[in-house]
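Protein chains in written order, with the numbering used here: chain A, 57 to 162; chain B, -1 to 156.
In short, the hints are calculated from the structure, not lab data.
Model, not experiment: these values are computed from the prediction.
There could be a bad hint or two in this list.
[What the hints assert, rightly or not] If you want the footprint, here are the derived chain A segments under chain B, 3+ residues with CB under 8 Å:
#1 58 to 69
#2 91 to 98
#3 130 to 137
[To be verified] DMTMM-like, lysine to aspartate or glutamate: derived pairs with alpha carbons at most 25 Å apart:
#4 A:Lys142 with B:Glu35
#5 A:Lys142 with B:Glu93
#6 B:Lys92 with A:Glu146
Even glycine gets a Cβ: it sits at the ideal position worked out from N, Cα and C.
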Amino acid sequence: METVFYERDKLLVFRITEEIDDYSVQKIRRKADYEIERYMPKRVVFDFDSVTFMDSAGIGLIIGRYKFVKMLGGNLELTNLTSSIKRIFEMSGILKLIPVTDSITK
Amino acid sequence: MEFENEMKLEFISKSANEAFARISVAAFASQLDPTIEELADIKTAVSEAVTNCIIHGYDKRQGIVKIFARLKENEIILEISDKGKGIENIDMAKEPLYTTKPNLERSGMGFTIMESFMDKVDVESVVGLGTKVTMSKKIKNKIENDDDEEEFSMITNE
């Protein structure tokens, strides 16, 4: 996972580059929480452009980060969802809560 | 001509093996010429079933996860099993969003995803003995090019 922080907008972007399952999610979660605490962003975007696989572990990952970011007063968004990733998120109902954006820098 | 093939896979219940399991099954299933989407569905369902064996079946203990895969005509049939602690209430376990481990950020969507990505999912479980998930999926684009096979598929699909 690659992390970019835009100081001016207090925007933190996580570009996930690994397959998301129960194994990989533990590392992603630790890294994301560390960076969120470090930068205290107003806006956090998870970019799924390079994610070739995701199972239900991704749902827990995003719900968990959503709660954490909200608690710290920020907002969380998702971008570049492939059709199969979108399907999994839709099944869980979290897209009613978490917005999907077309572009990171609006 | 009926196409048939079988394979078995056994591995230790480490979550590092989840990718190995779904990629192996996908490689085997590719003999049926599935679309990329069908293959992704199978990989996701396998990942969910194997995760259940590791996280719930064996919990923190170590055990063996078994996968038995069969290809029959244009269908893949998968049996994924553990000899772990078993499921007390299968109906409840299948409920969307139901999880016994919310503290680990488990979403409780495993069975829902298996059921929506595969054609059929059947769960057998005995508390203290283990759980076996049997699921199957018909690959739709297999019988396209061959005229004889197309007739055959029309008969079998009524």
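Quick rundown of the hints versus the structure:
no.: 1; hint: 58 to 69; result: violated (count 0)
no.: 2; hint: 91 to 98; result: violated (count 0)
no.: 3; hint: 130 to 137; result: violated (count 0)
no.: 4; hint: A:Lys142 with B:Glu35; result: holds (13 Å)
no.: 5; hint: A:Lys142 with B:Glu93; result: holds (20 Å)
no.: 6; hint: B:Lys92 with A:Glu146; result: holds (18 Å)
Of the numbered hints listed earlier, those contradicted by the structure are 1, 2 and 3.
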